[in-house]
Structures are given as structure tokens and as C-alpha cells.
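Q: In order, the protein sequence lines correspond to chains V and P.
All residue numbers for the first sequence refer to the numbering used here, where the first residue is 528 and numbers rise by one.
All residue numbers for the second sequence refer to the numbering used here, where the first residue is 18 and numbers rise by one.
Because the hints were derived from the structure by calculation, they are not lab data.
Warning: the hint list may mix true and false statements.
Claimed, not checked - With a straight-line Cα cutoff of 25 Å, these simulated DMTMM-like cross-link-like pairs (lysine to aspartate or glutamate) come out:
id, chain 1, residue 1, chain 2, residue 2
1, V, K629, P, E75
2, V, K583, V, D554
3, P, K24, V, D605
4, V, K629, V, E532
5, V, K569, P, E71
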Amino acid sequence: QKEVEQNSGPLSVPEGAIASLNCTYSDRVSQSFFWYRQYSGKSPELIMSIYSNGDKEDGRFTAQLNKASQYVSLLIRDSQPSDSATYLCAVTLSYSTLTFGKGTMLLVSP
Amino acid sequence: SAVISQKPSRDICQRGTSLTIQCQVDSQVTMMFWYRQQPGQSLTLIATANQGSEATYESGFVIDKFPISRPNLTFSTLTVSNMSPEDSSIYLCSVERRGLGGQADTQYFGPGTRLTVL
Numbered sequence: 528q529k530e531v532e533q534n535s536g537p538l539s540v541p542e543g544a545i546a547s548l549n550c551t552y553s554d555r556v557s558q559s560f561f562w563y564r565q566y567s568g569k570s571p572e573l574i575m576s577i578y579s580n581g582d583k584e585d586g587r588f589t590a591q592l593n594k595a596s597q598y599v600s601l602l603i604r605d606s607q608p609s610d611s612a613t614y615l616c617a618v619t620l621s622y623s624t625l626t627f628g629k630g631t632m633l634l635v636s637p
Numbered sequence: 018s019a020v021i022s023q024k025p026s027r028d029i030c031q032r033g034t035s036l037t038i039q040c041q042v043d044s045q046v047t048m049m050f051w052y053r054q055q056p057g058q059s060l061t062l063i064a065t066a067n068q069g070s071e072a073t074y075e076s077g078f079v080i081d082k083f084p085i086s087r088p089n090l091t092f093s094t095l096t097v098s099n100m101s102p103e104d105s106s107i108y109l110c111s112v113e114r115r116g117l118g119g120q121a122d123t124q125y126f127g128p129g130t131r132l133t134v135l
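Only chain P is shown next, with the shape it has when bound in the complex (with noise of 0.2 Å):
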């Protein structure tokens, strides 16, 4: 597996404002997410982290709004800028660990950012 961390782990914020999030990895991956998990549904992915390149974002979700960061393998950042009510919600990076052996790739979540918004 890995060992995953983010910050803030929770925080409340006044509309039109901007929170950057963290996330931090034990060990150099290829792959990062960031997913969104609004109450109550299930985790859609925003977009995929690339080191060295833009961030591929999701049909929906775009730069401009979700900021993303990748400077090198094993930290990543994701912004929710001009945040409005409707950004409440759960952010959650995740990475993904090849699989060996003819094993699938597979991918671990962080512990996710709780987000309300004001």
C-alpha cells in the first residue's frame, strides 16, 4: 500500500475565498488523483496529477477552479478557488501502486480534506 497524508484535514471557509490542499506520499508514485466525495454520494475524480505536465482534468471540472500542482513524485497540491457553498464537500487524493506479478494497478486514498464553506 502507502502512506498517504493531507492537509488541512478539515476547515471552514467564508465564500469567494481559496483553499489550497495537500498531499504528501511516502514514496515516489507516478500516479496521483484528486477526488471530490460531495455528502452523501459516492467519489468522482476531478482530475489526475501528471509530474512535469498539466493536470488532466475531468469532463466538468476545470483549471481555472481546481488548481493542481505536481512538483515532483510524491507531493501534489489541489486549489478550490472562489469557493461557493457548493464546494462543500470531502477532497481526497489518492496514488496509484503498480501491480506486480500480473496484478491490477491499484490505488490507496488519503485520509481527505473535510471542506465546508460560508
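For reference, chain V alone in the conformation it holds in the complex (with noise of 0.2 Å):
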């Protein structure tokens, strides 16, 4: 059974500051890996993809990859209040299906 493990949250970041978001994943054949962001009644929408070991930039958001620990992570640098949502890690193997954590709600407070 793939599992992908996220901390549910809430976790309060104050404006500006680094919001880290992680992820675990069980299965270790794994080799491509997601962030969603979800807004409250909205679909997931994908902001960062990542699947060598190492980290990843784009803007504000870095996707981080530790595959000989299972773990990965999202940082978002100077957090705004818009980038309160909840944030999805998907994981998946070489034949498409995608395996979702259950999100973490970020709250970004002004």
C-alpha cells in the first residue's frame, strides 16, 4: 500500500516568514513527486514538480527531494496571505498514478 504522509496543520506563519511544508512517502521505487496548492473550493493546482535528489527554485517556492530518506519538502520564502491554502504532495511511478497526502493548511497571517 503507497502511502504519502503529510502533517494536516494548520501551520501559522507570519507574514514574510519561510513556510516549510513536508512530505513522506513509503514507497521507495517512487520517482516523481508534486506540490498542489488548494484553495478552499477550488481544484489542486500544480506549482512545483521535482523528481532528482536536490532542491529546486522557482520564485518563491523551492521543492526539496531526499530520496534516500523518503522526504520531501516546499519552502515558500516571504509568505503572503494569498498563499493561505492547502498545500497537496503527490508522488507517483513511472506509470502515472499519482498517490495524494491528505495536505497541509498553511495560514498566513498579515
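Hints are included, so try docking the two chains, each in its own frame, into the full complex.
A: Pasting the structure below:
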């Protein structure tokens, strides 16, 4: 049974701070890793993908992957109130099926 | 990415009835998927909609309850049959874009259909 674990939160950070979201996965042969953002009442929106160990940066977002530890994280720099949402970690093998974590709710206070 | 539309955006249905949800993509895609997101929960894959063949269902989901059509590479439908209040959920379709230059294949989601069963 493939599992993806996330702390449900809420994670509360002040505006301008760094938000750190974490995710662990159970299937060692997982190959691709994704972070989706989901605003309340909306569908998930892809914000980052990563599949090699190390860091991948895109604007204020940095995804970090450590396959040996089966751990993937998302850092949001200079957090804004508009970043308040649920962040879903998703993992896939080579045959496309995504397994989602339950998501971490992020609250950024002005 | 992809432009994906779903109809209806929401509906309220009576127990025992069926609802068909449509998913339309702006360009041809090989892989389309149907997910369910129950209140306060994450996404659960129902099935993969295959063009030209039967859908591939995940454990716990059966064709009689969730029949799926995929008549072409831009369109799919999901029917929720003989509904009960436990079927109240958001139903989402997604499409996969093939990765280029070594990038991973990526799924993009439609806006979802919010279903309430009374």
C-alpha cells in the first residue's frame, strides 16, 4: 500500500516568513514528486514538480527531495496571505498514477 | 498546462438517481483520470479513462457504480449511479501532459463538480 504522509496542520506563519511543508512517502521506487496548492472550494493547482535529489527553485518556491530518506519538502519564502491554502504532496511511479497526501493547511497572517 | 472544463460545476441530487459529469480538454491527451475528494479529505483516484477501451478502476471502485466513457482524446464522462448521501463529494477530472526534455509527466486538474446527494 503506497502511502504519502503530511502533517495536516494548520501551519501558521506570519507574513514575510518562510513556510516549510513536509511530506514523506513509503514506496521507495517512487520517481516523481509534485506539490499542488488547493484553495478552499477550488481544484488543485500544480506549483512544483521534482524528481532528482536536491533542490529545485521557482520564484518564491523551493522543492527539496531526498530519496534516501523518502522525504520531499516545499519551502515558501516571503510568505503572503494569498499563499494561505492547503498544500498537497503527490507521488507517482513511472506509470502515471498519482498518490496524494491528505494535505497541509497553511495560514499566513498579515 | 491544459484548459479543462467540467459540467456541471455543482448539483444537488436525490438518493437513487444518477448524474453524469462531463470533462472536456482543449487539446488531445492520452491519459485522463477521475478523482473523488470527500469533504475534508485528499484526492482518491477512481479510475483511468482509456480511449478506445474500458476504464481501469482502482481498488474499491467498480464500473457498475462509476461507469466511464472516453469516446475521443479530448472528452470523458463519469456517471455516479444509484447515488446515496455517501457519494456527496467533489469529483475531479485530470489530464496528463507528457514531460519534455526529461521532465516528469504532469497531471492538471479540471475545476471539479461539487455533488450533494440528499
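Q: Could you work out which earlier hints the structure fails to respect and list their numbers in ascending sequence?
A: 3 and 5
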